[in-house]
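S.K.: Keeping their order, the protein sequence lines are chains A and B.
The first sequence: position 122 = 121 (numbering that gives the first Met the number 0), numbered continuously.
The second sequence: position 178 = 177 (numbering that gives the first Met the number 0), numbered continuously.
Possibly wrong hints are sitting among the right ones.
FRET-style restraints, in silico, Cβ to Cβ [what the hints assert, rightly or not]:
(1) F43(A) to N261(B): 23 to 33 Å
(2) A44(A) to V224(B): 45 to 55 Å
(3) P192(A) to G104(B): 26 to 36 Å
(4) I202(B) to F43(A): 44 to 54 Å
These aren't lab readings, by the way, just hints derived from the structure by calculation.
Keep in mind it's a predicted model, so treat the numbers as computed, not measured.
Just so it is clear, CB atoms sit at the ideal spot from N, CA and C, and this is done for glycine as well.
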Amino acid sequence: MNRSTPYLSDAIRFIILAFFAIYFIMPIYLLAITSFKPFEDISFATMWNLPKGFYLDGITQAWTYVSQNFMNSIIVTLPASLLSSILGSFNGYLFAKWRFPGSRWLFLMVLFGIFLPYQGILIPLVQVLGALDLYGKYAGLIIVHIVFGIPITTLIFRGYYSAVPDELVDAARIDGAGVLGVFRHIMLPLAMPAFGVSMIWQFTSIWNDYLIGLVILSNPDMRTVMVAVKNLTGSFFTNYGAQMAAALIAASPTIIIYLLLSRLFHRGLLAGSVKG
Amino acid sequence: MANTAVPMSRQNTPVTQPPPSKRRVTERVQAAMMLAPTITIVLIFIYGFLFWTIFLSFSGWNDVNFEVPFVGLRNYLRLFDNARFMIDITNQLWFSAFFLAQCLGFGFLLAVLLDRPIWGEDVFKTIYIFPFAVSSIVTGVIWRWLMYPDTGINLLFDMAGIGFLKSKWYAEPSIGIIAVSIPAAWQMTGYTMALFLATLRGISSDLREAAAMDGATGWQYYRYVAFPACIPTTYSATVILGMLSLRTYDLPAAMTGGAGPNYRTDLASNFMFETAFQQYRYSLGAAIASLVIVISIILLIPYIREAESQ
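Looking at chain A on its own, in the form it has when it is part of the complex (with noise of 0.2 Å):
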């Protein structure tokens, strides 16, 4: 053990860092527990009672409420990420390798995106939307996500290209590489691990929207997810396992890809918080 920095003892250290995994463990563990629960089993006093079984009955029952909803969701998310992050990669690359008189500014002012308060756009985004026949149509909300999405991914890929050696544009440059050329073969072969990042982040972000979804969606046939589990909790016909039962699902695909990819969930993490 290193001699010179002990502030506390690894035993103390363990405990308090357990008993804070635990506080941060607790909502989900109710979350999965109640879900799996059979009907009958759902009441107040016995909320923190383990399951008797493995009932997949709130788990179906929450389904047929949702289904619809989920697959909305993944026709608006898909699509989403994949563009802001085909754009952010292009977008980072010229921010990155070609600046130009202004391009610093123009950089800081989409950086401002990544910050913006929504409030401050829907009056517009609804009127605009509307004048341009996408209010209440997928098309409409996959292109409002690209387009905010496009600060954060521009910013993930910005702070990858930089890293790369301005040598090799040059050798590129040389053999004849204009911009484009450059960016086909230099660059986006190198930048796969910044698509990972990228969709990871927009995929969680605009699954886990709600605002968004709730404005531009109108037609109840056509909600997002998320906008389908908060009208749950208005209704008094489910209890509140459906209700968790229903919330698991919704939450199911951004937890799956945090647990099997959370390092490059972690590099998106830092991303957002980086200096321009």
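Please arrange chain B on chain A, whose structure you already have, making use of the hints.
M.R.: Positioned in the frame of chain A, the structure of chain B alone reads:
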């Protein structure tokens, strides 16, 4: 300022590189043109819309009046005359303060505890950051029942024999919005920890060893080396979390339906949504949104400026 940025990226390239040629200029123009379409759209959707919202807030536009007449400050005067809006401002201050305190306090504590290697650290980190991947709606549904007065946390307190800690949480008017800040911080504490941990781990081992050579104890190392290194991180985390707290909408919606008892979990975002999209009083909604925009810009300007200087 903009023209100093151009040579910066080229400073370290070898002298064998040809001087700025016609080709290089052409390439820069090409790059700018390729960037133009998407960036224009982003700027219109962000800045154009923000300005349009502010413009609307000075108008009398609603669903029966499409003329968009100029009404000056009338919407703002109405807002500041509105009891609900005053409650919202108070709620927002309490919410942001408690949300920030939990995220920064616990996030920093966990980062310091995880700074030196410990058995199971990857598992701990995975667990702490996990809620960040869970949507606010799902978080709200879970905590709605965790904080339900008849069960959940109160039941746990009873089982542990500490029933005196029981609370009605979001159903208790005096603390409603503070109860909502707990799940909000549950989501973002792991993220804050990751920011601090990246800073602590980024302190060079030379500096650590130098501190140890000088006989610094663990506490002194943190006091004189690690904590000061975390000040800029604290600042950016405050801005990021502050912005998030301003746009919080989903969580109270899922927990209490939005407004809660006597508007005690109501935030300006919910008031704005109801005003603009349920009552169709667009201009009044735009006035609420404009105030949020102005506060956001005030928060962000120093942050962007610091990013600019680096």
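S.K.: Any hints this thing doesn't respect? Which numbers, in order?
M.R.: Those not satisfied: there are none.
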